[in-house]
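Colleague: One letter stands for each residue in the lines below.
Protein chains: 2
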Amino acid sequence: MKEAEGYLRHIRDCNHWNPENFRPLFIDDKCVGRLKPKMVKALAQWPNLFSISENRVNFTREISEMDDRTQALDEIVNALVEQGVISHSHGERYPVTASGREDAFATIDRTAAPYFGLRAYGQHLNGYVRSGEGIKLWIARRASDRKIYPGKLDNMVAGGLPQSLGFAENLQKECWEEAAVPCELALSAIPVGALTYCRETETGLKPDTLYCYDLELPEDFVPQNTDGEVEAFYLMNLEEVARIVRQTDEFKLNCNLVVIDFMIRHGFLSPGAPDYLEIVEGLHEKL
Amino acid sequence: MKEAEGYLRHIRDCNHWNPENFRPLFIDDKCVGRLKPKMVKALAQWPNLFSISENRVNFTREISEMDDRTQALDEIVNALVEQGVISHSHGERYPVTASGREDAFATIDRTAAPYFGLRAYGQHLNGYVRSGEGIKLWIARRASDRKIYPGKLDNMVAGGLPQSLGFAENLQKECWEEAAVPCELALSAIPVGALTYCRETETGLKPDTLYCYDLELPEDFVPQNTDGEVEAFYLMNLEEVARIVRQTDEFKLNCNLVVIDFMIRHGFLSPGAPDYLEIVEGLHEKL
Numbered sequence: 287m288k289e290a291e292g293y294l295r296h297i298r299d300c301n302h303w304n305p306e307n308f309r310p311l312f313i314d315d316k317c318v319g320r321l322k323p324k325m326v327k328a329l330a331q332w333p334n335l336f337s338i339s340e341n342r343v344n345f346t347r348e349i350s351e352m353d354d355r356t357q358a359l360d361e362i363v364n365a366l367v368e369q370g371v372i373s374h375s376h377g378e379r380y381p382v383t384a385s386g387r388e389d390a391f392a393t394i395d396r397t398a399a400p401y402f403g404l405r406a407y408g409q410h411l412n413g414y415v416r417s418g419e420g421i422k423l424w425i426a427r428r429a430s431d432r433k434i435y436p437g438k439l440d441n442m443v444a445g446g447l448p449q450s451l452g453f454a455e456n457l458q459k460e461c462w463e464e465a466a467v468p469c470e471l472a473l474s475a476i477p478v479g480a481l482t483y484c485r486e487t488e489t490g491l492k493p494d495t496l497y498c499y500d501l502e503l504p505e506d507f508v509p510q511n512t513d514g515e516v517e518a519f520y521l522m523n524l525e526e527v528a529r530i531v532r533q534t535d536e537f538k539l540n541c542n543l544v545v546i547d548f549m550i551r552h553g554f555l556s557p558g559a560p561d562y563l564e565i566v567e568g569l570h571e572k573l
Numbered sequence: 287m288k289e290a291e292g293y294l295r296h297i298r299d300c301n302h303w304n305p306e307n308f309r310p311l312f313i314d315d316k317c318v319g320r321l322k323p324k325m326v327k328a329l330a331q332w333p334n335l336f337s338i339s340e341n342r343v344n345f346t347r348e349i350s351e352m353d354d355r356t357q358a359l360d361e362i363v364n365a366l367v368e369q370g371v372i373s374h375s376h377g378e379r380y381p382v383t384a385s386g387r388e389d390a391f392a393t394i395d396r397t398a399a400p401y402f403g404l405r406a407y408g409q410h411l412n413g414y415v416r417s418g419e420g421i422k423l424w425i426a427r428r429a430s431d432r433k434i435y436p437g438k439l440d441n442m443v444a445g446g447l448p449q450s451l452g453f454a455e456n457l458q459k460e461c462w463e464e465a466a467v468p469c470e471l472a473l474s475a476i477p478v479g480a481l482t483y484c485r486e487t488e489t490g491l492k493p494d495t496l497y498c499y500d501l502e503l504p505e506d507f508v509p510q511n512t513d514g515e516v517e518a519f520y521l522m523n524l525e526e527v528a529r530i531v532r533q534t535d536e537f538k539l540n541c542n543l544v545v546i547d548f549m550i551r552h553g554f555l556s557p558g559a560p561d562y563l564e565i566v567e568g569l570h571e572k573l
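Those protein sequences? They're chains A and B, same order as listed. Heads up, the final residue of the first sequence is numbered 573 in the numbering used here, and it's a clean run with no missing numbers. Heads up, the final residue of the second sequence is numbered 573 in the numbering used here, and it's a clean run with no missing numbers.
Isolated chain A, as found in the complex (with noise of 0.2 Å):
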């Protein structure tokens, strides 16, 4: 495998979808998900909420109160876990939204957002150490009891952005449950873009911002997991991050894209690396 092939694949691997799988889904004209005709079907059951025609569903303008619309869309995706049709509910919020959190028309359980092919957001950090060797990264193994993608390599900290919690509350909080690290050194870290992507998955369609974030750690600092997520970490040479981002499938596929983005702005890819361009591109699709 060609050297930018190993990490295209990874950014066309999370960019996979086909819109003729979908019917979009409006909210007071703004497209705010996708469904698969099985959540199209599912949804008649509730013909005075969404009205289907051929080519969208629109959920009804008569709920015009966030916290309305908010309730009718529990009850619908109680009656849907019920049902068998969405697997179970998380607990954490998820915003419903065109554009960003800010903008939401309602919230809604976090499983069921992909169902909805509803946007999600993340935050993932990459904590790493200037050493006299160059840059390393604290580089995580999730627990083997995951969900998903268990035993695979992960981001130091990473963790869904629910809609409850500001940027920075989530961030420490996801910071202290999976590496230990304390509020003020969390706080420190550097907020440094975002990336998107578009998956379709088995239940639907995952239209994704990670929120990324730059910590220099010190070189006695070293993560511990307090949550169970996270079974062992690894201080790793950029070289060798690289390489099993090129060369295997071991990180979380999502993460694959921040270390790939981390790369590039530390200069560790650089401009003259093959397909440079379409790498720095596919990091931002449009959503």
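Derived by calculation from the structure, the hints in this document are not laboratory data. Only true hints are included.
Since copy identity is lost for identical chains, a pair holds within one copy or between any two.
Restricting the straight-line Cα-Cα distance to at most 20 Å, the calculated cross-link-like pairs of lysine to aspartate or glutamate (EDC-like) are:
| hint | residue 1 | residue 2 |
| --- | --- | --- |
| 1 | Lys316 | Asp561 |
| 2 | Lys316 | Glu567 |
| 3 | Lys538 | Glu486 |
| 4 | Lys572 | Asp299 |
| 5 | Lys459 | Glu470 |
| 6 | Lys492 | Glu567 |
| 7 | Lys288 | Glu388 |
| 8 | Lys316 | Glu564 |
| 9 | Lys288 | Asp389 |
| 10 | Lys327 | Glu488 |
| 11 | Lys438 | Asp299 |
| 12 | Lys316 | Glu348 |
| 13 | Lys459 | Asp500 |
Given the coordinates of chain A, assemble chain B onto it according to the supplied hints.
Modeller: Using the frame of chain A, we list chain B on its own:
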């Protein structure tokens, strides 16, 4: 003007173009450029080289060698300069390519590129200092005798990337010419990504790629122009630079994007800022 609007208006201005005003130009079934009606009409003078249909213009398949294509294009460009269709020649060579510089079909005079709507490539360098008061940026003011954007603010070092020079080589050259940055110091600049935009101009279209670099400078380094392109340098707080970008048109248009990208990567513009995602994504238009 709202904060986000101050940034977004430059991004929108850089990406303002109407596909209906152009006919695509193909070589070997790859779209390499876009032509305004005036250029389509001008190229009809060479029916053996261009086949013109309603939807596209094809550069003849009979010329299969890069040097032959380059020679044929040079003859055309010279004729069009004589006819006054193209304003003048520049001397620097730009690639004719559908993707990266490494896949060029031919080269062409730099001034001719936008007339054909060809991709252009540049390198922009943020020279910065970490001081006790936070990050400061070195900002250039363009000489008042420049043809383009005279007297406007500019990144510390910025220049076109001719096909004949490698990334490092051209960056060193520009660093020396524009700011008297010694070779060794210039080599420590870190490539941090690439920005893309596409803008319609009076003469044609500019689908542009800006390779960006960060160069941390010693506090006692003072840039000095050596080639007459810059009339002054200022060391400014990021807050001041941000205010100028938001509230004025003092910067050469595309330099605003490079400054905004710097602010995002260094956490000066953070995820909670209004329209953060639109700003981040707007720096990476698909070309």
